[in-house]
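K.L.:
Modelling step: build the complete structure from the supplied sequences, incorporating the hints.
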Amino acid sequence: MNAEIYLDNNSNLHRLDPRTKIITFLLTFIAILLFENPIWMLPITALILLQLIVSNSFRNLGRIRYILMVLTISSLVLWNIFAKGVTPFFWFLTEESFMFSIARTLLMILMISAGMILISTTRNEELVLGMIRLGMPYRVGFAISTALRLVPTIASTAMTISQAQRSRGLDLDSGNLIERVRKFLPLLVPVFISTIRNTNIFGMALESKGFGALEKRTYFLDLKMRSMDYAVIAFAFIFVGASVAMYFMGYGRIPGLTRF
Amino acid sequence: MSEPVIRIQDLRYRYRGQKENALDGINLEMNKGEFMVIMGPSEAGKSTLAATINGLIPHFHIGKLKGDVVVLGRNTRDKTVAQMAEVVGMVFQDFEAQLFSTNVELEVAFGPENFGVDREEMRRRINENLQYVGLEAFRRRAPSTLSGGQKQKLAIASVLALKPTILVMDEPTTDLDPISKMGVFEITHRLCKRDDLTLMIIEHETEEALFADRLALIKDGKLVKVGDAREILRDVDLMSDMGLMPLGIPRFFKSMGGKALPLTPEEGVIAFKQAGWNIPQKAYTDMVANENAALDRMNQPIIQCTDLVYEYDKNVKALDGVSMEIFEGEMIAIVGQNGSGKTTLAKHFNGLLLPTSGEVFVHGVPTRDQGVFKLGQKVGYVFQNPDHQIFSETVFDEVAFSPRLRKLTEEEVKRSVSEALEAVGLAGYEKEDPFSLTKSGRQRVAVASILAAKPEVLILDEPTTGLDYAQQRGLMDMVRQLNQNGSTIIFVTHHMWVVAEYAKRVFVMKDGKVILNGSTREVFSHDQELRNAYLRPPHFVEFSNMLGKTFLNPQEMENCIKGEQLT
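So the sequence lines, in the order shown, correspond to chains C and L. Per our numbering, the first sequence starts with residue 1, numbered consecutively. Per our numbering, the second sequence starts with residue 1001, numbered consecutively.
Since the hints were derived computationally from the structure, they do not count as laboratory data. One should not assume that every hint holds.
[Said to hold, decoys possible] Derived coverage of chain L by chain C (criterion: at least 3 residues anywhere in the stretch with Cβ under 8 Å from a Cβ of chain C; other residues may be distant):
| id | region |
| --- | --- |
| 1 | 1054 to 1060 |
| 2 | 1116 to 1128 |
| 3 | 1231 to 1244 |
| 4 | 1346 to 1355 |
| 5 | 1370 to 1379 |
| 6 | 1387 to 1400 |
| 7 | 1552 to 1561 |
Backbone N, C-alpha and C define an ideal beta-carbon position, used for all residues, glycine too.
P.N.:
Structure, rendered in structure tokens:
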């Protein structure tokens, strides 16, 4: 079973410098956060879709489809409760709140997708090196990359543990909510214990390979900004700049919407 | 005589919160280019000793250190682990946790990066070391997609890239399958010939200690004996007393009253012929006939597979047409290298996996009609790592988990728990915290927690991995007792001597197929086929095969020669 998040597709997106991808990622967040009206979010949605297609990273979104579905449904429900409009739509919904709930749902999905694209197309080490070159201290960058690295390891340990407990008669699919939550205890305790144990060895191995021996370390990876990178960054700045301008000119809002 | 590379003087160490010293007055010197193997039972202080060489003790593990470890003139007390890393390389048992990069090249580059090596030199070291361990074809791959053996080779390469003077390996092959073990051993055999490298390896495999210059035996934190490896290995009584596996060949010759004890199969054959012994044909044929008759008496099928195929992904067949029958009361071993499909097969027996095509029957009913919950009462499955299932605060609760889930009354729960604990030799431990037990103790708790559901069939996945010889013996003796009390036992293992001594029938798997099956003796007589499946019989069996008969242990051969029948 392959639990890696990074997809070794070598697409155009993969070949971009990690700095480009990090900057674009941050700018994307601004663009996503600006508008209340989902129609105004369509351009950024289209751009993210394009990235998904170019990098072929739908597979990773597919892996978290259940989480995405739960988030979508709960967000649609919640924002219709917590936002109110003036034009009745149907039942207790208003047109404004409905539009807004779509925008907020889209916001969440887009943010997740943007993050997923970043880690699907960028190796851990490249990501860290990119962040370091953008000014982050090495140790912080390494901590982030370690956290990312642990996800697949923990996922596969959890798989084994769930099989072991099912063999002992644990049935996760029955019972009421409280019973089900209690049933996760036999899964969680072993996951924690083995993760802690692994982390300990990880720490030893890290130090044994000279982690932090010198103030200044070197990097085997060589990052190079190419014309493609500058073009992408320039485009991202223009796009986000334009979006911000539109926002301040008052576009993309939903008149009559009250949020709580 | 030049200055020793490692000098350990009156070393004592106690982990924080412990009452006993883990190391208790160790004095040891190692010279340049030497290859030393350290052996000892579990908890003897072997890993602790290894951790003192590169300063993980006292800097990483907190505790009380007395005495000195001086490596190339540097006292580990005054240097950080990272500073020591330049001269002492360290390879750990757990090959998953010691790799942290997303591709093979970067993994090797990690150490040199920390020491500010420039890019050109790094590229040179990557090429050199990947070639040395035979991974140059995998340089772009993610370490997580490599096999266990390849991961361990990568760990070795990544440490060698630091150009250490001393290489310490802490049980590098314990978690590996036989072929991967051989691969790693092959590398260490080459490493020990390099006179610029001092090698210290902690090892469980007695047969591998034969290659060492010196052998150090350690128990309760004290050095019991240090000396010429072959000399110590001849002392089979000392090895047994230490709870280590004695070599079968010297054991046999000693018991036969031989003087000069041969160590390897080749030496054994020569000595055997010189002694002028011969194996009476009739005694041998009788023994084999008795054994086969006993197997034939078991004829009630309990598990049957017909044309079993299982695909993890489309077109990748983990099992490719397996047909087999297992009878009530059998003791079966399933062997094969990692990825041969043995665990996948075993997981079909209790319904954890369902066939892609074909059928698995338990008591004549297809597993797909029964489900894991129901099957769990008939077929118990003990997973390899007990830490993947233990979660309770007391041993009692842990073992009671399954019976309680099956809605037994508290009275019945109590009874089955105490029976299960009795069976694994843990009666009286009910109130203990399972996490405070040793690995073999936790393994026993895991077995008990499965036994408590009173299954008819017990599957054990690698039950002896990570245990020392005495513990392996203890656990397998207990399993054999369960078998004699009527349980059908199926175990998956890499330990060939466990198969030789405990299994009655063996299935050899390769590429998702059963390529060999029969009585243990018959399977072990197919030397060549086993090798093709990358399995190697124990030295003693190999030796007897060279003599034209297959014996599974020294006792059998001795009885046969002396004309006594085993009952």
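K.L.:
Taking 8 Å as the Cβ threshold, is the statement that the region 1054 to 1060 of chain L is covered by chain C upheld or broken by the three-residue rule?
P.N.:
holds (count 4)
K.L.:
Mind taking a look at whether chain C covers the region 1552 to 1561 of chain L? Criterion is 3 or more residues with CB to CB distance under 8 Å.
P.N.:
violated (count 0)
K.L.:
When I compare C-beta atoms, does the region 1231 to 1244 of chain L have three or more residues closer than 8 Å to chain C?
P.N.:
violated (count 0)
K.L.:
At a Cβ distance under 8 Å, does chain C reach at least three residues of the region 1116 to 1128 of chain L?
P.N.:
holds (count 7)
K.L.:
Do three or more residues from the region 1370 to 1379 of chain L put their C-beta atoms closer than 8 Å to C-beta atoms of chain C?
P.N.:
holds (count 4)
K.L.:
Go check the region 1346 to 1355 of chain L versus chain C for me, would you? Three or more residues, Cβ under 8 Å, otherwise it fails.
P.N.:
holds (count 3)
K.L.:
Can you tell me if the region 1387 to 1400 of chain L counts as covered by chain C, using C-beta to C-beta distances under 8 Å and a minimum of three residues?
P.N.:
holds (count 5)
In this structure, the earlier hints numbered 3, 7 are contradicted, and the remaining ones agree with it.
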